Each structure stands twice: as C-alpha cells, then as structure tokens.
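Residue numbers (the numbering used here), protein chains in the order written: chain A, 1 to 320; chain B, 1001 to 1420.
By construction, these hints were calculated from the structure, which means they are not laboratory data. Predicted model, so just to flag it, every value in this text is computed and none were measured. Accuracy of the hints is not assured; some may be wrong.
[What the hints assert, rightly or not] Below, simulated PhoX-like cross-link-like pairs (lysine-lysine); rule was C-alpha separation at most 25 Å, straight line:
id, chain 1, residue 1, chain 2, residue 2
1, A, Lys151, A, Lys255
2, A, Lys211, A, Lys250
3, B, Lys1311, A, Lys121
4, B, Lys1406, B, Lys1388
5, A, Lys151, A, Lys180
6, B, Lys1192, B, Lys1157
7, A, Lys121, B, Lys1157
8, A, Lys121, B, Lys1394
9, B, Lys1157, B, Lys1125
10, B, Lys1394, B, Lys1311
11, A, Lys226, A, Lys151
12, A, Lys151, A, Lys210
13, B, Lys1192, A, Lys180
14, A, Lys180, A, Lys255
15, B, Lys1192, A, Lys226
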Amino acid sequence: MTFRARHLLGIEQLEPSEIVSVLDLADRYVDLNRRTVKSADVLGGMTQINMFFENSTRTQASFELAGKRLGADVMNMSVAQSSVKKGETLIDTALTLNAMRPDLLVVRHPSSGAVNLLASKVNCAVLNAGDGRHEHPTQALLDALTIRRAKGRIQRLTVAICGDIAHSRVARSNLILLGKMENRLRLIAPPTLMPPGVQDFGCELYDDMKKGLEGADVVMMLRLQKERMDGGFIPSEREYYHRYGLDAEKLSHAKPDAIVMHPGPMNRGVEIDGEIADDINRSVIQEQVEMGVAVRMACMDLLARNLRAERGRAAVGVMV
Amino acid sequence: MTLHLTNARLIDPETGTDAPGALTFQDGVILGRGPAPKGAEVFDCGGMCLAPGIVDWGVKIGEPGERHKESFRSAGMAAAAGGVTTIIARPDTHPVIDMPETLAFVTRRAAENVVRIRHMAALTKGCEGQEMTEIGFLLDAGAVAFTDAFRVSTNTKALARALTYARSLGALVVGHPQEPGLSAGAVATNSKFASLRGLPWVHPMAERIGLDRDLGLVEMTGARYHADQITTARALPSLVRAKANGLDVTAGVSIHHLTLNEFDVGDYRTFFKLTPPLRSEDDRLALVQAVAEGVIDVVASFHTPADEESKRLPFEEAASGAVGLQTLLPAALRLVHSGDMDLPTLWRALSLNPARRLGLPQGRLAEGAPADLVLFDPDAPFVLDRSKLLSKSKNTPFDLMRMEGKVLATWVAGVQVHKG
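Construct the complete structure from the given sequences, taking the supplied hints into account.
Right, dumping it as structure tokens:
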C-alpha cells in the first residue's frame, strides 16, 4: 500500500497508486460500515476538528461520522460561531486551533487555495473538504469508488461530466482523477459554464448533451451552483433543464447500463429529472453517499498513519 | 564640486551607444565627456556601466494615508539602491491626490528626498471617474500627468470631457486599459492554469477593449495619452495602429509582466498577484519584443507596497501588487542577458522615454543634462533576500530568485545617494 501524502489537499498531488490505495482501503471500510458494530479503533485518542467556513450539512456529517467510527474525538466548528466574524484572519484561526493540538483538520472554505494556505501553517494533517472552485478530493475519491464498485474497474471508461463545470470543484477533482486513471472524459455544458483551457486536460467538449452522452458508461451530473454565479450564465432554469437536464430521453443516448451520479444536493427539475434520480437501476446517488463515509475513513486512516510515522521519526531523532 | 567619472562603459539611450568613455559633471549638471578638467575629483568606474538614472513611472507611495506600507523616505532609499533617480508617484493614496492643496502637501513631504519625486494627480475627483479634477491648478502645482491609477471610469462621457479639457492645457493623461465589466472580480488570466487553480479569470480581450475605447476617445478629443500597462499580445496591434495614425499615444509595461508569467503563481503565491494578472508565456514574449522594437515605450516597476497581513490571505482576497523600486534594474537586465535587447534599448524604456514623455530633462548623458546617474555591474550575480529590501513592504515576487546586476553607485543632481 502506498500513500505518502502529509495532507490531502487535492487529487493533483496524488499518484495513481495512491488513489488505488485509498480505494482498496475504503472497500474494507464499506464492509465495516455495513455491520451492526461499526467502530474501529484506528484513530483512538486522536482529535479531529471539522472547520467549515462554508455551510455544508452532508459533507460535514460524513466527515464527522467517519471520524467517530474510527474512534477519534471529533469537534465541529462552523463559521457562524467562530471569531472569523470578529475579523480574525484565516491564518490566526488556524494557528489558534493548531495550538489545541488536533491531529486531523478537515477544512472547507469558499476561496480557492485557502486550504493550501492553512495547511502550510499547521503541524497536523489537513484534509480539504472543498476550497472555492479548486478541489474537493474526497468527493472525487468517493465517486471513483462508486464507479469501481458498479463497473468493476476505474480505467478505460467513458465518463460524461455534465452541467456547471465552471463553478464546480467536484468537476475539477473528478476530471483530474479520472484523467490520471486513463479514462475517456467528456465535458458537457453550455459554453458559458465551461471553464477556459479545459480541452488541454485531454477532455472532449460538448455543448449538445445528447451527442456528449453517446456511448457513455458513467453520467456524472453537477449541481447548478446558483450561489457562485454573479448572474447571466444561463437564460433560465427551465431552458437549462430543457437542454442540459438529465431525463430518460437524453439518458437513452448513453450505454444501456450507464450509471447516473450526482454529488448532491440535487436541484430536481433543474439538472436532473426526479424519476432518474430515484431509479434504483440507473442511479447510484445513494451509494455515493455511503461510499463517502468509507472513503473519508480511508483517507483519515492513511493520513493518521503517516502522521504517526512522522512523529515517531521525530521522537527518535531521525532526520527526514 | 566637479567629478570626473573615468574608465566607464557609457550607456547612452539617446544615441543608442554602449562604449567606453568618461563623464564629467559639475553642480549637478553634466559637462561633457572630455578629459578631466583641472581640479576635478576623479572616480574610477572600473569598466562598469554608467547610465542615466531610471525614471520609474507609476510608483505607489503610502503617503498620505498608508505610511506603514511605504514612506517617502523608505521609497527614496529603495529607489537610490535600485538606481532609480526619479520616482513618478501615483495619486491613488488615502486621500486621493485630487486637489492642489493635497498635491502641495505631498510635494513638500517629498522635497527633502535622496531621489527626485514627481507626482501624478488624479484625473477625476477621488479617482471615481465622474467629475474631472482642477487640472489647471494641479498643473500649476506641479502635476506631471493625470490618472485614476488602476480605476477605470465607466462614465465614458465624463472621461471624454476630462480628456477634452486636459487637451486644452496640454496635460498628459495616463489610462489603465481594461474593460471593467469583463475584468470584474478576476484575479487570473483565462487559461488552463486558472481553471486548474479554480481562480476567477479575465479574458485578455478585456485589455484590448479597454485600450480601444481609450484610443477612440483620444482620436475624438486629441488628448495626449499614455497607457500605463499593456500586458497582452492582443492589445499590441491597436497600439501600433494608433501610433501609425499619428495619435499622441505612448504605452508602458511592468517589469513583472516582462519577466514572469501566470505559472509563477504556482501554489497560490500571493506575491505574484498583480493588476492586471500575470499573463501567458506567449504574451510575455510578445511584450519583450514590443519593448525591443519600441512599440512599448516605457518599462516601470509599478511599485505597489503591501503589508504582510494583506498578502497572507487566500489568493482571491489578498492584496494585489508588488514592490519593485529596488529590483527593477536587475530584473530588467534579464532582458539583456536573454539576448532580447541591448542595454541602450533597455535604457531608452527605463529612462529616456518616460522622461521625455513627461517633459523632464532626465534620461540623457548629453551636456547640460542633470547629473542623475547610475553605475552598475550588469553581471554581478546574487540571490535576492526580500528581508534586505529597503522598502517598508517586502512583497517582491523575486524573493530567493537568482538575479544578475548590482547597483554600485547612484548620483542625483551630482550628489552620490547610494554606494553599493
């Protein structure tokens, strides 16, 4: 098993072998999570702080559950209660928390790169739970695990990512991960929601959804990020739904056994038809949520191992 | 006092020559290149380069309002150490220099400096782009040009009036070519890199649209116009066309856009956050060529001090700008070491052209010119340590970079103000 990272800031830093290590370990945690007794004493005695500078229910709950199942002491800090509102800078907040000696810091922040900045100032392991439009690595890993379990592999698949790619950190992390694992990638979006230069990532770009879905093994829908838009990216939600909302007719252009994914929360009737989302034969959206807990357990387990090893080396005075 | 500088390599941007020689000055004025007059003190330059001092156009000084970032004193020390003998200061201070009284205040504050400091005044009140300032009074009070710095007016009618009025007085207007709507909120240039980093981007076309608007207004009003920074290849044809059509137009570029590109931002390094944002390597190469060919007239540092706190923030929220008074010369020498241009060509952009455009007598080695000089070793290597910079703010993108070119001595009006 290889996993060398000190922090998990993005998929960009991971080697394919490290991605496979996470997925393999996560598979074992899926089994654990399906038992009645779900606890493992992997993070016993360790402290995990969840710092969410941006509201999130599902991701925070998933990280909290993952930490608790591994036996860590978990503390949630949401921005509404924090001193950030009193004018404290991100770095000061980080240093204050760092002084309380946490072992794992899970951070979500609305600015791209904020988690990297924070990670450079603390001496615990930092997990990026989403920074601005930059990366959301655990989401990409849980998507990869979901795909691997549904399709039996995470290579040589045709994956279509559809929707608001410009504002999506999920899309960025996913296209980096799926690219590293040598899949064929298609991005489907209205041109106003397509970020510049993505063709250089080795993706095929489509503004016609039906053509983009042709022969796809995996259809990954994205949420329309209304809160990140400053207006005028799409004419209206109904026109968006007509052209880019996933319904049975559009899905029929993909492979008959294509799976449908969505990182949630869904805007039903905007980017996805409710019936497709609930179709247990096509939709793996609930599995994604389940895999989320397992993947986060695996990531924290691996980071904790590296942290222990590092501290062990420091204790016996080995130069690193 | 008469000083005879002998055994020098004279870099003369006016004649375009780079040749061994000697230079004599007396009472702050260059006497000529002949043999040492009787009684003159002789200074051996050791074969090093002697050039007119740099005229750095567009320097932000923290006075009034932000003296903790930069004072006239600290800016002057940094300038002298960097071979800059004339600072052309920006008016986007707190408060804005938009009244003759404010201008008189900063002129007085700047008077007892080791280098010369001249001020641009605001073109519109508060740099807000709505109402023109007292351009006539400000000219009388010593303003060398009029600008709203990096603020772009969306009120085109008000801008047209200001340009028309400025023209009647022969005042030079400095614009910041940028379409403000397209560039709103952007901190990076649109590219794969900006997408990967998830940073809000602006298309380089925003600069050309901004420039085209300004040039249209110049054609309409006949004003004298200088574009502060051209940073994209796309904007260059408009500039070439305007010059060919006989418009009274010049343009500048920052040294950072000539020596760095968007990838230098790397892992969200905020010292590389600039206005406008760093561009692609193709843009950088086109700009270097434009300077070599004289399409872009002026190279400047756009020295913008920022305190540590304002840079220790997530990239989008961090302050924009970099200090550059002390690093302009070694950074600019990269363009010579890379073979893109020779020293006289570079010095035309650093010294002669800005002085000429602003109606100043600097930038020349001719008889009667002010003895504002820099002696430097173009090849001396060093690694930049930002903590050693003399600016109060240390926000340089060149920290820990290898550079070549050391200032050995700086004279302003014949007085030595720096010894390296």
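Here is what the structure says about each hint:
no.: 1; hint: Lys151/A - Lys255/A; verdict: holds (12 Å)
no.: 2; hint: Lys211/A - Lys250/A; verdict: holds (9 Å)
no.: 3; hint: Lys1311/B - Lys121/A; verdict: holds (14 Å)
no.: 4; hint: Lys1406/B - Lys1388/B; verdict: holds (14 Å)
no.: 5; hint: Lys151/A - Lys180/A; verdict: holds (17 Å)
no.: 6; hint: Lys1192/B - Lys1157/B; verdict: violated (37 Å)
no.: 7; hint: Lys121/A - Lys1157/B; verdict: violated (49 Å)
no.: 8; hint: Lys121/A - Lys1394/B; verdict: holds (20 Å)
no.: 9; hint: Lys1157/B - Lys1125/B; verdict: holds (15 Å)
no.: 10; hint: Lys1394/B - Lys1311/B; verdict: holds (10 Å)
no.: 11; hint: Lys226/A - Lys151/A; verdict: violated (32 Å)
no.: 12; hint: Lys151/A - Lys210/A; verdict: holds (22 Å)
no.: 13; hint: Lys1192/B - Lys180/A; verdict: holds (17 Å)
no.: 14; hint: Lys180/A - Lys255/A; verdict: holds (23 Å)
no.: 15; hint: Lys1192/B - Lys226/A; verdict: holds (23 Å)
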